[in-house]
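Let the hints inform the model, and build the full structure from the sequences given.
The opening residue of the sequence shown carries number 47 in our numbering; numbering runs sequentially from there.
Everything labelled a hint here was simulated from the structure, so no lab data went into it. Among the hints, a few may not be true.
[Stated by the list, open to error] In silico DSSO-like pairs for lysine-lysine, Cα to Cα no more than 30 angstroms straight-line:
hint, residue 1, residue 2
1, Lys390, Lys303
2, Lys303, Lys264
3, Lys368, Lys256
4, Lys368, Lys172
5, Lys701, Lys677
6, Lys677, Lys688
7, Lys717, Lys587
8, Lys256, Lys221
9, Lys362, Lys266
10, Lys433, Lys390
11, Lys714, Lys587
12, Lys368, Lys219
13, Lys303, Lys363
14, Lys678, Lys714
15, Lys431, Lys172
16, Lys273, Lys368
17, Lys703, Lys673
18, Lys368, Lys435
19, Lys368, Lys266
20, Lys221, Lys266
21, Lys714, Lys672
22, Lys717, Lys678
23, Lys262, Lys362
24, Lys714, Lys677
[Said to hold, decoys possible] If you anchor each label on the Cβ, the simulated ranges turn out as follows:
hint, residue 1, residue 2, range
25, Asn588, Asp297, 24 to 34 angstroms
26, Tyr613, Gly552, 23 to 33 angstroms
27, Asp297, Asp720, 24 to 34 angstroms
28, Ile272, Lys587, 31 to 41 angstroms
All C-beta atoms, glycine included, are put in the ideal place defined by N, C-alpha and C.
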Amino acid sequence: MEIKAGNFRFTFPYPLVLLLLAIAALWQFAFLKNGLQWDIQDAMLPWRYFAGENLKNGMFPLWNPYQQFGYPFYADLQYTNWNPEVWIIGNLGGYTLYTLFFLIIFYVWMAGYGMYRLALFFNGNKQISFFVACCYMLSGCMISHLQQFVVIIGLAWIPFVCWQFFEFIENLKWKNAVGFSVFFYLLMVSGYQALAFMLVHFFLAVIVYKLFLWRKEKKKIISFLIKGSVVALFCGVLVAPVIIATMQSADYVGRLKSGVSLGEAQLSPFSPQSLVSLLSPAISAKAGWLSTDFTCTNIFFGFIAFFLFIFSLFQKKNVLQKIILGFIFIFLLASFGNYTPVRKILFDFVPLMNLFRIPGLFRIVVLLLILMFISISLPAIQELKRKMKLIFSVSVCLYGGLSVFSYVLAKKSGFAFSNNETDVFTAVHSASVWELVFYQSVFFSFISIIGLIFKTGNNDVLRWRVISVVSVFSLIAGVQFNIYINAAAESDPAALCNWIKEQPKGFPLPANSGIAKCESYIEKNYRVYRNVGNFVKQAQKNDFSSFRFNAADRLADSFPEIQNQLYNYPIAYLSDSVVTKEKYKNFKLDTEFETDSFRDKEYGWFSFPKEKRMLSFFDNGISPEKKSGLKKNESDSVTCSKFFPNEMEFSVSNKNKVIFNLQQSEFKGWKITDNGNPVTEIYKNAGLCMSFI
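This is the structure:
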């Protein structure tokens, strides 16, 4: 892009333009106007904050003691701490809501810049590459997943991975081998790993094609095999911490050991009816008839780009384009979930495809491949002037007709935006889907008319500028029609930041009265619903994570009475009352009396004295000798003197043999000592740690 004034010429760098567009499209966050909602605020923020607190205090975030009775924080692949972002920000001051705003803008910008470089590799035309980058950076996939931070990070890095892959496969240079390894590492340790699993199969198909082309060039084949082996080894070394962490926790987390079930793998598809978002992103914001999660309803990448893709399908194609089209077709059908058999076939027969949920994520790779296809096709597209006139003419008619149709439907329920006293956030949530479609269609009709007027004769350079400008306006509009549903909250970000500042720093000792049941902070100014314990530094009941121990799930699903009973106990406590596994299968609290009771099918009711003696629930077998002589005295006590995520210290005073219960999940990474002597016999208290003292 050039700006001329007399003899002065200024070349505006496209990467900077992409950054400015990211800021403009997400101005609610760039200018600190709105807070965040859903997972990014009440899951990602607490976890990143906790990681930052560890690093600021000179500790690696190995263990989180505040959620699901403690779990190995380092092994959570959703929000892994093995990426540079966590280490840099954690050591520079930690995470706040404002940090998330910066990171959102940064990763959206990186997505655009990565797509720009990938498209530039295919066509060498900066204007076309800029157009393609905008279509990716401001797409429906980006805005619909804005609350799922790992997906946004994945969207940012997959164009870089593809760019370096194609550079390497074309030139076989070491710098591209290293570049591919680094970006693949960033994708694996910070993004959504399922995106990498999908790309691996596409890469293998391209490699097979290249090896076929090189079948008579042994030097190239040998060079590729040597450098490719080094790349595989280097990638393995870089992602080794993630692999090791996964192996160490696989026995405790079912989905890591055996993958997900087919039913889970079919959840949240990109339903076929969601294809309407290709032309109308506003529909995806609120239409319940799309029959899927709202994060999986949008694939809008600009109506101009969509029509250009349709035109390019009728051009002559090379082998790479045919491979790309093949994967577009397969992955699009897979994204439909159980609407087609393709997802099940991939799940049953293709490696890595049984390890993730949300088939709607396939559409992200579909979008990437479509834009790669466009990048290859556009420089060779014939009669661009005539085609653009046709595109703008069709768009005027299409969106003009949709304006009338949606106006008639919206008028029946009234127009929320006609109320001058209603703020934008409330109006968006109150408006019917057809009201939003009406505003979108009117705007798209207007910019299509502008494009039709300024089709710029025979000058292709000016024509591409018009195409880019019209596309950018349509894409930003698509973002804004969805942002208040998908990401932006009504809350004031400053209020949450100030509240976080007031919370304890470091790692204070836990409360003695019992595990703190941190309730959700659902006030308008906060919008933090879960995982609050990471801020207040107390164990909590209301937690959330997709990384869950089998024992924690079993306790919550099968024995909620026992779970609630344990929440009434402090982090560490002494007991002499034993409930064995055979009996606690039928454990129920006696709500009619002030006693702790459980019921056994064979023996009936068992009750404990009114002082509410604390119980131990044994998972594994216990010999009669171990149970004999247990007696807790009133003077017995347990005091916590150190409570760091990676190290805890308790002082126990007891006259007789008792059971020491630590309400942290049993994990093979724990090392327990008694006065410096290793404790070898560690039992499970409903999945938690306990030993005899």
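Query raised in the report: Which hint numbers does the structure go against, in order from smallest to largest?
Result: 2, 10, 13, 28
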